[in-house]
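Asks: Chains as they are written, first to last, in numbering that gives the first Met the number 0: chain F, 0 to 62; chain G, 0 to 137.
Calculated from the structure, these hints are not laboratory results.
Check the hints yourself; a few may be wrong.
Unchecked claim - For each label pair, taking beta carbons as the anchor points, the in silico distance ranges come out as:
id: 1; chain 1: F; residue 1: Ala14; chain 2: G; residue 2: Met119; range: 12 to 22 Å
id: 2; chain 1: F; residue 1: Ala40; chain 2: G; residue 2: Ser16; range: 32 to 42 Å
id: 3; chain 1: G; residue 1: Leu126; chain 2: F; residue 2: Ala14; range: 23 to 33 Å
id: 4; chain 1: F; residue 1: Leu33; chain 2: G; residue 2: Leu45; range: 10 to 20 Å
id: 5; chain 1: G; residue 1: Asp72; chain 2: F; residue 2: Ile53; range: 23 to 33 Å
id: 6; chain 1: G; residue 1: Ala18; chain 2: F; residue 2: Gly52; range: 45 to 55 Å
None of the values given here were measured: they were computed from a predicted structure.
Beta carbons: idealized from backbone N, C-alpha and C, even for Gly.
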Amino acid sequence: MNSLFSGLTHFQALALFSLAVSLTFAFLSKRGALERAKYFAWAFLAFLLVAIGIGWLMYPFSQ
Amino acid sequence: MNEAVKQEQQEQQGAGSSALGITAAVAGWAIPGLGHLVLRQWSKALVYFLCVGGLATAGLAMRGGVFGGNSPDMFDRLGFFADMGTGVFYFLAHTIQSAGPDVAHASGDYGTRMFATAGMLNLLTVLEAYEIGRGRRA
Numbered sequence: 000m001n002s003l004f005s006g007l008t009h010f011q012a013l014a015l016f017s018l019a020v021s022l023t024f025a026f027l028s029k030r031g032a033l034e035r036a037k038y039f040a041w042a043f044l045a046f047l048l049v050a051i052g053i054g055w056l057m058y059p060f061s062q
Numbered sequence: 000m001n002e003a004v005k006q007e008q009q010e011q012q013g014a015g016s017s018a019l020g021i022t023a024a025v026a027g028w029a030i031p032g033l034g035h036l037v038l039r040q041w042s043k044a045l046v047y048f049l050c051v052g053g054l055a056t057a058g059l060a061m062r063g064g065v066f067g068g069n070s071p072d073m074f075d076r077l078g079f080f081a082d083m084g085t086g087v088f089y090f091l092a093h094t095i096q097s098a099g100p101d102v103a104h105a106s107g108d109y110g111t112r113m114f115a116t117a118g119m120l121n122l123l124t125v126l127e128a129y130e131i132g133r134g135r136r137a
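Take the sequences, apply the hints, and build the full model.
Replies: See the structure below:
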């Protein structure tokens, strides 16, 4: 199991984190399957897009 | 919302007790999802166990750091508070993570954040279980 998770790329780690957090938030804050599915999809994509966006913003400073 | 649904929600909200809320909260802290299992909320119990347990296990497997409670540093104490939120996963950390932490690499650093996030998520689910047990939330 250790080798499975330690071999994750940065994006895979981000996706795993986003998946777990978005799903928990969806169940905590919404009722009904459709509402939860919509909230999950929105939060999951927002996590990914914001992280990638901030990554690109920081990219010039890494050179 | 029709009257029947309103009445059912009011009955559910009135059915809670302080003891049930505390029992659900302690159970939910000890094992993520167990508080909602006590309250017969099967789907929430399963999702919370998988999400919190999965995130905590992934964090430990990535060789993330686990904060101890005896550090003089305030940020380490906050980390300890967050890590303690995982309940049983905190106490099993050394068993799951037999190789010990390795925060010199990016995956270990991610693992530290994942484990702390799992703890904070579980504390949110504990608060929800307490509120449902008290009858303040359906």
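Asks: Of the numbered hints stated earlier in the document, which are not met by this structure?
Replies: none
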